[in-house]
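In order, the protein sequence lines correspond to chains A and B.
According to my numbering, the first sequence holds residues 1315 to 1988 in order.
According to my numbering, the second sequence holds residues 340 to 589 in order.
Derived from the structure by calculation, the hints contain no laboratory data.
None of the values given here were measured: they were computed from a predicted structure.
Beta carbons: idealized from backbone N, C-alpha and C, even for Gly.
Heads up, a few of these hints could be off.
Between beta-carbon pairs, the in silico distance windows are [unchecked claim]: (1) B:N484 / A:N1526: 54 to 60 angstroms; (2) A:N1526 / B:G356: 21 to 27 angstroms; (3) A:Q1938 / B:K345: 54 to 60 angstroms; (4) A:E1730 / B:Q585: 39 to 45 angstroms; (5) B:N351 / A:I1821: 53 to 59 angstroms; (6) B:D435 / A:V1621: 26 to 32 angstroms; (7) B:G436 / A:V1621: 44 to 50 angstroms; (8) B:I584 / A:D1455: 54 to 60 angstroms; (9) A:E1941 / B:K362: 53 to 59 angstroms; (10) A:N1840 / B:K345: 48 to 54 angstroms; (11) A:E1699 / B:I584: 52 to 58 angstroms.
Given next are the chains, with one letter for each unit.
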Amino acid sequence: MENTLKFNSKIPVSSLTHKWEDHKSTLKLVAPNNRYNIEIIVVGTGLAGGAAAASLSELGYKVKAFCYQDSPRRAHSVAAQGGINASKNYKGDNDSVYQLFYDTIKGGDYRSREANVYRLSQISSNIIDQCVAQGVPFARDYAGYLDTRSFGGTKVSRTFYAKGQTGQQLLLACYSSMSRQIGKGRIKMYNRHEMLDLVIVDGIAKGIIARNLVSGEIERHSAHAIVIASGGYGNVFFLSTNAMGSNASAIWKVHKKGGLFANPCYTQIHPTCIPVHGNYQSKLTLMSESLRNDGRIWVPKKLEDAVYIRNGTKKPEDIIENNRDYYLERRYPSFGNLVPRDVASRAAKERCDKGFGIENNDNKEGVFLDFSFSIEKYGEEKANELGIKQPNFLDKKKLGKKIMESKYGNLFHMYEKITNENPYNTPMKIYPAVHYTMGGLWVDYNLMSSIPGCYVIGEANFSDHGANRLGASALMQGLSDGYFILPYTIADYLSEHLTEKISTKHIAFQLSEINVKNRIQKLIQNNGNMSVDFFHKKLGNIMWKYVGMSRNHIGLCKAIKYIQELRDEFWKNVFVPGNIDDGLNSELEKAGRVSDFLELGELMAMDALNRKESCGSHFREEYQTKEGEAMRDDIHYKYVSVWEYKKNKPISDEIMHKEDLNFSFVKLQSRSYK
Amino acid sequence: MNFKLKIWRQKNREEKGYFETYKIDNISPNSSFLEMLDLLNNQIICNKKQDSSPISFDHDCREGICGMCSLYINGRAHGPDNLITTCQLHMRHFHDGESIYVEPWRAKPFPIIKDLIVDRSSFDRIIMSGGYISVSTFGKTIDGNMIPISKDQADKAFDAATCIGCGACVAACKNRSAMLFVSAKISQFALLPQGKIERKKRVLNMINKMDEEGFGTCTNTKACEVECPKGISTEYISFMNREYIQSFIT
Ligand SMILES: Cc1cc2nc3c(=O)[nH]c(=O)nc-3n(C[C@H](O)[C@H](O)[C@H](O)COP(=O)(O)OP(=O)(O)OC[C@H]3O[C@@H](n4cnc5c(N)ncnc54)[C@H](O)[C@@H]3O)c2cc1C
Ligand code: SF4
Ligand code: FES
Chain A
1315 MENTLKFNSK
1325 IPVSSLTHKW
1335 EDHKSTLKLV
1345 APNNRYNIEI
1355 IVVGTGLAGG
1365 AAAASLSELG
1375 YKVKAFCYQD
1385 SPRRAHSVAA
1395 QGGINASKNY
1405 KGDNDSVYQL
1415 FYDTIKGGDY
1425 RSREANVYRL
1435 SQISSNIIDQ
1445 CVAQGVPFAR
1455 DYAGYLDTRS
1465 FGGTKVSRTF
1475 YAKGQTGQQL
1485 LLACYSSMSR
1495 QIGKGRIKMY
1505 NRHEMLDLVI
1515 VDGIAKGIIA
1525 RNLVSGEIER
1535 HSAHAIVIAS
1545 GGYGNVFFLS
1555 TNAMGSNASA
1565 IWKVHKKGGL
1575 FANPCYTQIH
1585 PTCIPVHGNY
1595 QSKLTLMSES
1605 LRNDGRIWVP
1615 KKLEDAVYIR
1625 NGTKKPEDII
1635 ENNRDYYLER
1645 RYPSFGNLVP
1655 RDVASRAAKE
1665 RCDKGFGIEN
1675 NDNKEGVFLD
1685 FSFSIEKYGE
1695 EKANELGIKQ
1705 PNFLDKKKLG
1715 KKIMESKYGN
1725 LFHMYEKITN
1735 ENPYNTPMKI
1745 YPAVHYTMGG
1755 LWVDYNLMSS
1765 IPGCYVIGEA
1775 NFSDHGANRL
1785 GASALMQGLS
1795 DGYFILPYTI
1805 ADYLSEHLTE
1815 KISTKHIAFQ
1825 LSEINVKNRI
1835 QKLIQNNGNM
1845 SVDFFHKKLG
1855 NIMWKYVGMS
1865 RNHIGLCKAI
1875 KYIQELRDEF
1885 WKNVFVPGNI
1895 DDGLNSELEK
1905 AGRVSDFLEL
1915 GELMAMDALN
1925 RKESCGSHFR
1935 EEYQTKEGEA
1945 MRDDIHYKYV
1955 SVWEYKKNKP
1965 ISDEIMHKED
1975 LNFSFVKLQS
1985 RSYK
Chain B
340 MNFKLKIWRQ
350 KNREEKGYFE
360 TYKIDNISPN
370 SSFLEMLDLL
380 NNQIICNKKQ
390 DSSPISFDHD
400 CREGICGMCS
410 LYINGRAHGP
420 DNLITTCQLH
430 MRHFHDGESI
440 YVEPWRAKPF
450 PIIKDLIVDR
460 SSFDRIIMSG
470 GYISVSTFGK
480 TIDGNMIPIS
490 KDQADKAFDA
500 ATCIGCGACV
510 AACKNRSAML
520 FVSAKISQFA
530 LLPQGKIERK
540 KRVLNMINKM
550 DEEGFGTCTN
560 TKACEVECPK
570 GISTEYISFM
580 NREYIQSFIT
C-alpha cells in the first residue's frame, strides 16, 4: 500500500501535447499576500537551484539558499562548455518541438518519461528568450540574430552557445538574478554551507541540518518546503569531469531518510576528454563535444603505427590518410563523428582495447581528434571570400586557424595549457571520461520526491534523460526545472501547507543534529592511518573498472564485494586531521562526502547488476549484438528502477521497485545511428 | 622535480600568519600546481604530526572557469604564466629545485579566512548593488531574435562577460582596486540593448558600492590586465569611466 502511494508519478492523463498546459491549469495557487510568510530552502545554486531561488523569490516567497562554494557564481554549472538546446528552428532546418522531443527520447534509449521530455522540449524555447532578456551574450551571426551549432545525436542545428563558455554565461545570468533578490533581502544566501541531513516531521520534509564550513557550526534551518538542486554524483569515480567538490551527500541523505533513488547505474561517459596521464591526477578535463563538429576522430589502422606513435617515433602527421581509421565514420556513416556520447565512447574503448590507442599512458588509452581538415576547409572558403587567388597551403592554414579560434579559442587554449601541445598544429588526444549522472532522486511530474515537501531539480533528479543524455540538454533541463516548472508545481503543495512551518526546537531537528554531530565526531576521532583521498581513489578504481563504460555479471558482483570491504576499511582506517571545533577543515568535508560515495557506489553496482540489458550508457557485455551494439530488452526492462533504503539495514538490503514507462506517442525502436 | 615551498599559514582571521617551509620531491612536470599541493597535503596528513595540519586553499572546477582558486605565487597572482588561473598552472613552468613562495590574495576587502583562503564576498555585494538586468525570471518575454545585436557588439559584450570573479586583478593592483572586475560587468550590460535602460543607475550604484567595500582607485598601472586569467582589457575601465561621467549628464 505504502509503495503505491509513493509511486504516484502524477503524469496528467490528457494528450501528450497538452499535458503540461492542462496540468498547469489544475494546479492550486498561493495568494501573493501569503507568499511572504512562506519559507523555502533551496540546496544548491547551480543553474537549477539558482533559477529556482531567483524565480521563487521573484514570486514573493522567502528563500534560503545554500551552497558549499564561497559564491553561487562558482557552482559547477559554470563549467558547461558546449551549449543549450532549443527547438526554435531559426536555421530553417525543420526543427520542431516534436523533433527535439524525439531526439531526446531516442538519445535516452527509451528509458525516460515521455511526458517529462515533451514538456522539456516545449519549454526549451522560453529558456533562450529568458536568458537573452537577462543579458546572456549568446553567439550572433552577422545579421545580428542568434547563432546555433550542432551536437551529437541530432541532424539539426539547435544548440545555442556563447563560445565554449555557455554554462558560465547562463550561470552568471542566473546568479545576477539571484543577486538582485539577495540585495532586496528576499533571498538569504548561505555561502560555504553544506547540507548534511534532511529533517522530516510526520513524514513531511520540514528542514535541513547544515554545517557552516567556515565556523564549523552545525545549524538547523526549517522551512515550508525544501528544494534539492545539488547536482550530479559523477565524483564517485574520483576521476571525472566534475568539479572537485561535487558530491552526492545531499541526495544521499534524502535517500536515507526515505527518498527513493532512481536509475543509479546510468552514468554518462563523455567521449572527448583529455586522457589520464599520471596517478597524481586529481580530475579530468572535458573538451566540448561541439569540437566534433569540426574534428575527425581516428586511430592508426596498423597496430605497429599505434606503437610508434605511443613511443614517440612517429607523429600523427606521419600517418598517411590511407593508414588512418576514421572508425566513427566507418561504422556510423549517417551520423559519423556526431553519434551520441555513449556510442562514441564505446567505439573509442573498442579500438583502444584492441591495441590501437595512441596515448602513452598506463592503459594505452587515447584517440585523435583532428582539426586539420576543417582548418584547411575554412581557410579555403575565407580565401575565396577575400578574393585571394590560388592561396598556398600556409595562407589557408593561417586563415583557417583564425576561424577555429573564433569558434573554440578558449578550449584550444585550455588544452594547450594542460598538455603543452598546440591543437592548431597537431591533433588533440582524447579519451572518454565520467561526466554526467542520469540517475538521481526519484521525482513525480511535479518534481517532488517521494517525501512530501521535498523537491528535486536539475542533475540531482532522474526524470528527463533516461539511460543517456544528449549534449546540451542538461543545461536545458536545469533551467526549465528551475525557472519554469518548479515555481508552478510547488505552489500546489504549498497551498495546502501554508501554516506548517515547524520550530527548529522540534525533536526531529534535535535528533538529526545529534546524528550529524556523531558522524563528524566518529570521523575526527577515528584513529586511522590513511587519508580520505586514498579511499576515494580506491573506490574510483573499482567503479571505473567494474561499473564504468562496460559491465558484466562477474565484475559487478566483485565490485559490490570490494566496495563493502573498502567501506569497512574506511571506517576503521581513515584519518581525518583537526579537532571538532576547529572550523574550516577540508579533509573533514571530503571525508563526509566520500563516506556517502562508498554507499552510493554499492547501489550503483546493484542497479547495474539488476538491469540485464544494454541501454544507453549502461552497457552489459552479455547483451550486445554481433556488431557490438547495445541490445535493449523492452519486454523485461522498460522501467525505471527505483530503490528504497530500509532504515538501519545495509545497502545490500535495499528494495527495488519498478516504475513502468509508457510510450504512447513514440514507437520504441532500436536505436541506430548507422 | 623537487621543490622547496614557503607557504603562508594562518589559523584564522585574527591570528598572525607566518611562512612555513616544506620540501616536496618527485613531482611530475605535467602535474598542476594544485595537484602538487594535494601531494604535499597528503604528505602532511600521512606524517600525522599533531601540530601540522594540511594547508587550506580554495579550488573547485580545476579547469580555469569557476574562479574559486587563488594563490599568489612567487609574487604574482595565479603564478608565473599569463592568461591562466592557478589550477591551470603546471609544474613545468618551474625549475627543478626552485624555492616557491605561496601566499593568499592580500587586500583589505578580502579578509583571510584560513591559510591561503580569503573571503571574496565583497565582489558578490558589488553585484548585488546593481550588476544585473532587472527582468523577472519567469513568465513571458519576447522572442530572442526580436533583439538583434550586431556580431561585433555581441563579441565585445561577451569578452567582458568572461570575467570569472577570481579577484586576481585586486591582488595584483598596488591600490587594491576592483575596477577591472566592476568595469567588465558594467561594460557587458552597457554594450547590450537589454542592459542600456538601467545603465546610469547601475554604474552609480556599483561604483559607490565598490568604494564602500574599501577597494582603492585605479591609477592606470595595468597590473590587473597582465594578471587577469581571462584577458579582460583595461579598455573596459575607460569605458566604465565614460559611463560614470555620462550618468551625471542627463
Ligand atoms: C565540464 C562539463 C561540461 C558540460 N557541458 C555541458 C553543455 O555544454 N551543455 C549541457 O547542457 N550540459 C553540460 N554539462 C552538464 C551540466 O553542466 C550539468 O549537468 C548542470 O550544470 C548541473 O546543474 P545543477 O544546477 O543541477 O547542479 P550544479 O551546477 O552542479 O550545482 C550544484 C549546486 O549544489 C551545491 N551543493 C552540492 N551539494 C551540496 C550540499 N550538500 N550542501 C549545499 N550545497 C550543495 C553546490 O554548491 C552547487 O551550488 C557539462 C558538465 C560538465 C562537468
Ligand atoms: S577581471 Fe580578470 S582578474 Fe579580475 S576578477 Fe575578473 S577574471 Fe579575475
Ligand atoms: S579551480 Fe576553478 S578556476 Fe581554478
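Q. Holds or violated: 54 to 60 angstroms for the Cβ distance of Q1938 of chain A and K345 of chain B?
A. Hint holds: Cβ distance 56 angstroms, inside 54 to 60 angstroms.
Q: For N1840 of chain A and K345 of chain B, compare the CB-CB distance with the range 48 to 54 angstroms and indicate the outcome.
A: Since the Cβ atoms of N1840 of chain A and K345 of chain B sit about 32 angstroms apart, the hinted range of 48 to 54 angstroms is violated.
Q) So does D435 of chain B sit 26 to 32 angstroms from V1621 of chain A, Cβ to Cβ? A) Since the Cβ atoms of D435 of chain B and V1621 of chain A sit about 31 angstroms apart, the hinted range of 26 to 32 angstroms holds.
Q. Is it true that N1526 of chain A and G356 of chain B lie within 21 to 27 angstroms of each other by Cβ?
A. For G356 of chain B against N1526 of chain A, whose Cβ atoms are near 22 angstroms apart, the range 21 to 27 angstroms holds.
Q) Can the suggested window of 39 to 45 angstroms be confirmed for the beta-carbon pair E1730 of chain A and Q585 of chain B? A) holds (40 angstroms)
Q) Between I584 of chain B and D1455 of chain A, does the beta-carbon spacing fit 54 to 60 angstroms? A) Check failed, 34 angstroms falls outside 54 to 60 angstroms.
Q. For the pair G436 of chain B and V1621 of chain A, does the Cβ-Cβ distance stay inside 44 to 50 angstroms?
A. violated (35 angstroms)
(Q) The hint says 52 to 58 angstroms between E1699 of chain A and I584 of chain B; measuring C-beta to C-beta, is that right? (A) Once the Cβ atoms are compared, 41 angstroms apart, the range 52 to 58 angstroms for I584 of chain B and E1699 of chain A is violated.
Q) Within 54 to 60 angstroms or not, the Cβ separation of N484 of chain B and N1526 of chain A? A) Since the Cβ atoms of N484 of chain B and N1526 of chain A sit about 46 angstroms apart, the hinted range of 54 to 60 angstroms is violated.
(Q) A range of 53 to 59 angstroms was offered for this pair. Does it hold for the Cβ distance of N351 of chain B and I1821 of chain A? (A) Since the Cβ atoms of N351 of chain B and I1821 of chain A sit about 34 angstroms apart, the hinted range of 53 to 59 angstroms is violated.
Q: Return holds or violated for the Cβ distance of E1941 of chain A and K362 of chain B against the range 53 to 59 angstroms.
A: At roughly 55 angstroms between Cβ atoms, K362 of chain B and E1941 of chain A fall inside 53 to 59 angstroms, so the hint holds.
Taken one by one, the earlier hints fail for this structure at numbers 1, 5, 7, 8, 10 and 11, listed in ascending order.
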